[in-house]
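Protein sequences, first through last, are from chains A and B. Just so we're aligned, residue 1330 is where the first sequence starts under the numbering used here, counting upward by one. Just so we're aligned, residue 50 is where the second sequence starts under the numbering used here, counting upward by one.
A hint or two may mislead.
Claimed, not checked - Part of the chain A face toward chain B, derived, beta carbon under 7 Å:
1) N1377
2) R1394
3) A1454
4) T1459
5) G1464
6) L1540
7) V1594
8) Q1596
9) E1598
Simulated from the structure, these hints should not be mistaken for lab results. All C-beta atoms in this analysis are idealised placements derived from N, C-alpha and C, irrespective of residue type, glycine included.
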Amino acid sequence: MKNTRQIYLASILILILATIFAGTLAFADDPKARAIMEKVDARDDGDNMTADMEMILIDKRGKKRIRRIRTFSKNKGEDTLKLMFFLEPADVKDTAFLTYDYDDADKDDDQWLYLPALRKTKRIASSDKTSSFMGSDFSYADMTKRVLENYDYKLLKEMEVRGQKTWLIESLPRTKRVIDQYGYTRSVLFVRQDNFVVVRAVHWVKEGKRLKYMDVKKLEFIDHIWQPTEIHMTTKKAKHTLHKTIMKWHNVKFNQNLGEDLFTVRQMEKGL
Amino acid sequence: MTKISMFYKGLALLVSIFMLCCISGTAEAQERPGKSCVSTELDKVLKGFDDQPSTIKENKELDDALKGFEEGEGAAEESTQKEEAKKPPFCGLSGSLSLGVSYSFAHDAPKLGETDYRGLSRLCPDFHLDLDLAFLENWKALISGRAFYDFAYEINGRDKYTDEVLDEYEKEAEFREVYLQGSLLASLDLKVGRQIVVWGKSDNIRVVDVLNPLDNREPGLVDIEDLRLPVTMTKLDYYLGKWNLTAIAVHEIRFNKNPVFGSEFFPFETPLPEEEKPVNSLDNTEYALALNGIFRGWDISFYGARYFDDQPHIERVSPGHLKRRHSRLSMIGTAVNIALGNWLLKSEAAYFEGLEFFAVPVEKKSRFDVLAGVEYSGFTNTTISLEAVNRHINDFHSTLKAPPDSAQKDEFQTVLRYSGDFLHDTLHLVMLASTFGVTGDDGALQRFSVEYDVTDAFSMKLGLVTYQSGDKVQFRNIGDNDRLFFEANYSF
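Pulled out of the complex, with its shape left as it was, chain A reads as follows:
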């Protein structure tokens, strides 16, 4: 009887270990894909940047709405400071949005919104980044840099996009928390092999069986930095376009003399 009990206990132990091992295997990612994504992450995307951003929101009937924003960004160590002033439409003019985008995945970003109608700066507590950025197809998650540690990567294959070789890399959130926070259950990224710019992406939206297609339509080499200056983001459901946003950058300049004091509530309230 003792032997029987030992055999069964051993079998239980083996099954537990097998489960743990299977789990470990299931979450392991592809070192080659990760190496590529590390290069994407390490790519020089510029510092002390100023630009004018234009967003054209197009609904499924083709009706257009336009938003114009003046943006500033600065690197602070691994973190990124961003300040945006909304210029148009008229009813949101002078609204300002300040973000301290922390590289540390365990820290929530600091965000403040200046609302001119209320004459008040409001702290925004939202680790959930799935909300739409100004009604566009871009979410707040799309506007921030992804933390590599939150994802598993897998190299699918190589493809050409507009004559340029790219790697297709699948990105899978490691936890449900990341899915809830960023709103995507899976992404496929097209990374250009010559400059490590993500020139296309497909995002599986957590809710609504929707897909979002990100496409860099214009890529410019400005001050020795590869900078997308026109991106289309299209939301589709069952092949039908639900909504589309064209985001354009004008007057992009890097290495401007931007002090940290620009990225403050003081500056938001003073305006441009």
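Once you've looked at the hints, dock chain B against the given chain A.
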């Protein structure tokens, strides 16, 4: 086989089934965020790219999927061209023109001699104009004004209303904010002129936000942009690291715009005694100080002010002669914000000294207000907030409960607010419930509004405000004032 060995066998079998479920569950969980990418699902998805034929031919379904990209609109370009940044203009004109309509639907027919408030209660074009001026390096100015004319009084018959109502509600033209602002030094800013300064962390209830009076003429119906009334101040801000010290001198003595005798929201049967307003003088200048700290994940502010109470009290100035006077108050307070994931915790506390009452003319009372609130932003495009405040009068005497003071030892208020944006920010839904007293027995109002942006410049809003009468003075007999409202707004 013994019962015990059967037990272990059974246990092992159960555990095995459980573990297998776990393994398959793990695999499923892994599939949920991402099945294998050679799967049919992915291939179908990639058809979403409206692209040129792929150079990879071995997986036709995947290539089809990639057609989701709309290639026709131009291929990626690489250039090194730079555009010249536009300089901000010297001056800019902006504003809005709106038409507001409201309909009062809950009143009974009036008694003889009473005003009939049924039906159209507002038909009002409202014009806002802002002139922005920018000059020198860091200096700018704003001149803004507002004018409205409410045709409802003409349509309903002006003779039905009291002079006070016509004076206060029918038309208005005034300068709103008119100020000059700039930097005197690298860390010192100056803003002088008619302006609005908002204190505190709460969005719906005022505790430390004492500097600007409010437009309370139609509670729950005033547009948020017009709710605070600007006053003339000199404001200096000094910045040091994460801290900022603000010093303010308020030169213009201006009080709340309250409902007047004869209006739907006026709570008494007879007019109030004459109001005595302190004149604008050096002696009557109001002073305020604030120290604000902004840190990673939290903010804190400390406030102090010496100012006139916006709400007057009634005072006997001689036998049979009453006046409404504004007490000179001192306030110290604090406010804290803490961001935790999708939650924003808010707290405010303030101590007020110098409150005067009709019932105890020789005494000055103090009050302690405490607010706690929470805001949740974890639902996509949605914010829900709940705030509660208790205002406690110290050394409360029961005689203060009687009119005309009608004060309460503890005045409790809660505000629940929901706001959601839908259809790519074109449809905005706001619901607000403000309740006085723990159970609403002091009065309550609810406001529901839905706003649709027809174009970038033109929007339409439809809403409903409902009131419940209560013991709080401002909520007496207002239960029938429920309104449907509509607003069309053009911004430029």
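To see whether the hints hold, each was checked on the structure:
At a threshold of 7 Å, the smallest CB-CB gap from A:N1377 to chain B is about 14 Å, leaving the interface hint violated. The beta carbon of A:R1394 comes within 5 Å of a beta carbon in chain B, closer than 7 Å, and the hint placing it at the interface holds. Contact between A:A1454 and chain B, as hinted, is supported at the beta carbon level, the nearest pair being about 4 Å apart and thus within 7 Å. Checking A:T1459 against chain B by beta carbon gives a least distance of about 5 Å; that is within 7 Å, so the hint holds.
Using the Cβ-Cβ criterion of 7 Å, the hint placing A:G1464 at the interface with chain B is satisfied: the shortest such distance is roughly 3 Å. Annotation: A:L1540 was flagged as interfacial toward chain B, and the flag holds, the nearest CB pair being 6 Å apart, inside 7 Å. A least Cβ separation of about 6 Å between A:V1594 and chain B falls short of the 7 Å threshold, and the interface hint therefore holds. This hint is violated: A:Q1596 has a C-beta 10 Å from the nearest C-beta of chain B, more than the 7 Å allowed.
With a cut of 7 Å, the hint placing A:E1598 at the interface with chain B is violated, because the nearest CB-to-CB distance is about 9 Å.
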